[in-house]
Amino acid sequence: NAGVTQTPKFQVLKTGQSMTLQCAQDMNHEYMSWYRQDPGMGLRLIHYSVGAGITDQGEVPNGYNVSRSTTEDFPLRLLSAAPSQTSVYFCASSYGSAGRSPLHFGNGTRLTVT
Amino acid sequence: GQQLNQSPQSMFIQEGEDVSMNCTSSSIFNTWLWYKQDPGEGPVLLIALYKAGELTSNGRLTAQFGITRKDSFLNISASIPSDVGIYFCAGRSPKNTGTASKLTFGTGTRLQVTL
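Quick note, the sequences are listed as chains A and B, same order.
Each residue of the first sequence is one higher than the last, beginning at 1 in this note's numbering.
Each residue of the second sequence is one higher than the last, beginning at 1 in this note's numbering.
FYI, nobody ran anything at the bench for these hints, they're computed from the structure.
All residues carry an ideal CB built from backbone N, CA and C; glycine is no exception.
Not one of these hints is a red herring.
Quick partial rundown of chain A residues pointing at chain B, CB under 7 angstroms, derived from the structure: (1) Leu45; (2) Phe90; (3) Gly106.
So the derived list for chain B, only partly shown, Cβ under 10 angstroms to chain A, looks like this: (4) Leu4; (5) Gln6; (6) Gln9; (7) Gly40; (8) Pro43; (9) Val44; (10) Ala48; (11) Phe88; (12) Cys89; (13) Ala90; (14) Phe105; (15) Gly106; (16) Gly108.
Whenever a hint applies, use it, and build me the whole structure from the sequences.
This is the structure:
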């Protein structure tokens, strides 16, 4: 039972570098989302997708891109990393909408931008 | 955006004690969820509440959906060391309906249990 798998677990970037955080789920969930977790801020929604080919912005989308070419995968791209993007990133999926069906979270990617 | 305030921010308790924490919002929600996050892992759903006044238990955990729809409470009875972690509340606003319903998360309550 893999659930939601995130890679890598840890990453250090220099300012201006780009990278992609990977997220895959094997539960055939339609809804997938990315959150960032910062001390004292809780979890904030970056982008979400209600199905393959459909994405939308969350609360803090600036500096991030997403795409959803398959039901299983929902990568998060940082185009030009900034120190303010130092955070722990969580991918989450659910069968239905985020409020009605339980969100299943991955174990996170800890990103440091220097 | 909407804010969810959790209280307390952190607490140290002794094993066997009962724990209470709450979450308040400036606007009404129609769903309240409580998650627990263990160190190095993602949050895991503990309890879901869908109606004002609803009281739901999951083992030693009990959560309530406040009558005003602006708050929720989580109680843990007879705490044990594995209760250590961060507890998050999350809510869904009536304005966020349909297939793209989004959750707003609280800032978390960090619980530490001493023997």
